[in-house]
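S.K.: Listed in order, the protein sequences are those of chains A and B. Oh and the first sequence: position 204 is 204 in the working numbering, straight run, nothing missing. Oh and the second sequence: position 32 is 32 in the working numbering, straight run, nothing missing.
It cannot be assumed that every hint is accurate.
The calculated BS3-like cross-link candidates involving lysine-lysine, where the alpha carbons are at most 25 Å apart (straight line), are [claimed, not checked]:
id : chain 1 : residue 1 : chain 2 : residue 2
1  : A       : 18        : B       : 208
2  : B       : 208       : B       : 190
3  : B       : 271       : A       : 49
4  : B       : 208       : A       : 49
5  : A       : 49        : B       : 192
Hints are computed from structural coordinates only; laboratory data are not their basis. Everything numeric in this text was worked out from a predicted model, so none of it was measured.
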Amino acid sequence: MSAQPKLKKVFDRPQCLKDVPYHYCPGCHHGVIHRLLAEQIDNFGLRGKTLGAASVGCSVLIYDYFDVDIVEAPHGRAAAVATGLKRARPDSFVFTYQGDGDLAAIGTAEIVHAANRGENITVVFVNNAVFGMTGGQMAPTTLEGQVTTTSPYGRSAAEAGLPIRVTEMLSTLEGTAYAARVAVDNIKNLKKAKAALKRAVTYQQKGWGFSFVEFLSSCPTNWKMTPEEANARVGKEMADYFPLGVYKDVRAN
Amino acid sequence: MARRVMIKGNEAIAMGAIEAGCRYYFGYPITPQNDIPEYMSAAMPKVGGAFVQAESEVAAINMLLGAAATGARVMTSSSSPGISLKQEGISYLAGSQIPGVIVNMSRSGPGLGGIHPSQGDYFQATRGGGHGDYRTLVLAPSTAQENYDLTMDAFDLADKYRNPVMVLGDALIGQIKEPVELKPYRKKPKPKDWALTGAEGREARLLKSLFLADGELTVHNWMLAKKYKRMQKEVRYEFYRAEDAKMMLVAFGSVGRILKTSVDILRDKGKKVGLLRPITLYPFPDKAIQEAAAKSKLLAVMELNTGQMVEDVKLAAECACPVEFYGRPPGSIPTPDELAKEAMKIWRKGGLK
Numbered sequence: 001m002s003a004q005p006k007l008k009k010v011f012d013r014p015q016c017l018k019d020v021p022y023h024y025c026p027g028c029h030h031g032v033i034h035r036l037l038a039e040q041i042d043n044f045g046l047r048g049k050t051l052g053a054a055s056v057g058c059s060v061l062i063y064d065y066f067d068v069d070i071v072e073a074p075h076g077r078a079a080a081v082a083t084g085l086k087r088a089r090p091d092s093f094v095f096t097y098q099g100d101g102d103l104a105a106i107g108t109a110e111i112v113h114a115a116n117r118g119e120n121i122t123v124v125f126v127n128n129a130v131f132g133m134t135g136g137q138m139a140p141t142t143l144e145g146q147v148t149t150t151s152p153y154g155r156s157a158a159e160a161g162l163p164i165r166v167t168e169m170l171s172t173l174e175g176t177a178y179a180a181r182v183a184v185d186n187i188k189n190l191k192k193a194k195a196a197l198k199r200a201v202t203y204q205q206k207g208w209g210f211s212f213v214e215f216l217s218s219c220p221t222n223w224k225m226t227p228e229e230a231n232a233r234v235g236k237e238m239a240d241y242f243p244l245g246v247y248k249d250v251r252a253n
Numbered sequence: 001m002a003r004r005v006m007i008k009g010n011e012a013i014a015m016g017a018i019e020a021g022c023r024y025y026f027g028y029p030i031t032p033q034n035d036i037p038e039y040m041s042a043a044m045p046k047v048g049g050a051f052v053q054a055e056s057e058v059a060a061i062n063m064l065l066g067a068a069a070t071g072a073r074v075m076t077s078s079s080s081p082g083i084s085l086k087q088e089g090i091s092y093l094a095g096s097q098i099p100g101v102i103v104n105m106s107r108s109g110p111g112l113g114g115i116h117p118s119q120g121d122y123f124q125a126t127r128g129g130g131h132g133d134y135r136t137l138v139l140a141p142s143t144a145q146e147n148y149d150l151t152m153d154a155f156d157l158a159d160k161y162r163n164p165v166m167v168l169g170d171a172l173i174g175q176i177k178e179p180v181e182l183k184p185y186r187k188k189p190k191p192k193d194w195a196l197t198g199a200e201g202r203e204a205r206l207l208k209s210l211f212l213a214d215g216e217l218t219v220h221n222w223m224l225a226k227k228y229k230r231m232q233k234e235v236r237y238e239f240y241r242a243e244d245a246k247m248m249l250v251a252f253g254s255v256g257r258i259l260k261t262s263v264d265i266l267r268d269k270g271k272k273v274g275l276l277r278p279i280t281l282y283p284f285p286d287k288a289i290q291e292a293a294a295k296s297k298l299l300a301v302m303e304l305n306t307g308q309m310v311e312d313v314k315l316a317a318e319c320a321c322p323v324e325f326y327g328r329p330p331g332s333i334p335t336p337d338e339l340a341k342e343a344m345k346i347w348r349k350g351g352l353k
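All chains should be modelled from the sequences, with the hints used to inform the complete structure.
M.R.: Structure (structure tokens):
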């Protein structure tokens, strides 16, 4: 036998992620966000007690990637479905994974009231300022002036109002225990995103209440940009209007 | 011996549900079914379950979807306008094959309508109600006792077929107060090998209604269609003084109940009138209708609407005998005498003696 150099494994696929290629477009941030969430499920050893609520949009297919029990929620209803999951199995780790079309438009009632009840669940909210799966229509989070397929002249504040800042809105509710907005456009932000998710999972594990992490995400296809341009837009235009940071951490010392 | 109590129809629903093992209830206030969420809000914590007053009917049915996905027995209840809002969730339950019990103590419509008893939701209940090609099993109680008994059965049927089951009453059936024998539930529900309980030591499970791959949805819909065919054997109905009936009245729920007295009145006058009361509205008792059509000279359908179930009766009767209809839009509850008079009009029109 020839001598093999001893290599230490320093990076691997999280165990609760399946070994399959993502269907997401080049430059989309869903893949990275999936990985970050999967890392925390592994980190806390939760694969065997995780119940996920998939939502409608590009990420409806999370069950193709996450090797955990998942139920598909109707459009916007993931927070209500997760309420049912958690009430029936309080010892489970329950998460939702929702886009901005889902959570910030048709699902506003469900997310506001799940937060206000202080449901002990973790919500991963991916905000790419557009309805992705349906082909790039205007979302409640679409930036002013942004051209989409249903705002061909740019989003008009007079007609469509200004984008909703969901994390700030939910932070005003007493039931929200943890709320943060993060991004994965560079390594520094990615580390903060990782920390936020870890904190959010900790909240649920300790029974501290509703935890919410908003990810600013790119959508090169519907933004009609290259992956690099789209990534840069997240850190500039997006983060200008949607400031990154921890908005609520009621157990912070 | 089972305990006998004097309770409201709505309370009988709640008590039957708890007896059958329902531990999670999600609802939203709407008249005339508020006794159900009120009862459940007090009872659920005592039996180790949970009650959530949802922000909307839409949220309530989706909370049911989540809790039922874990294999628990779960119920929601509402009344007509609220049931319209729940249709999205009912369609997803059917598509994802998640069992659940939905109670509709229906009121009058369309729109906000009123809070009178009405059978205007027959079409909505028996045709699926939401989008897509699916059916819900529909049970139509006519007494508080049946509310109790059929609600217990509803949970068994939902689990057996992994399908939403609707209990369709109306304001009369929900609000009436009468004696109910609290029969104990003795069945042992089977373990659910599809339920989401966390994938510890096994492969991950998935409950969904999205099928994008080529041909996948066709297979899924055929599988559901075969299931609905298997459900046909759950058909239930009651014949009342029907043996030699020349005219068979056909009615469900509250009207079916009132018509029993009407039949007695007409029999006292020597008129050979009977009653066929469908208890399952889906599956519909086609064979019983055919049997009645073959034996009687006339079928007379009576409903608290302007004509819904009569269409199913006509389809089932296949022109074996004439099918007449008396309908009453919501506003007041007909008395047995009034309905006996209407029955006699049909009797005479049909040339019966």
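S.K.: For every hint, state whether the structure bears it out.
M.R.: Quick rundown of the hints versus the structure:
| no. | hint | in the structure |
| --- | --- | --- |
| 1 | A:18 / B:208 | holds, 18 Å |
| 2 | B:208 / B:190 | holds, 22 Å |
| 3 | B:271 / A:49 | violated, 66 Å |
| 4 | B:208 / A:49 | holds, 19 Å |
| 5 | A:49 / B:192 | holds, 17 Å |
Of the hints listed earlier, the one the structure fails to meet is number 3.
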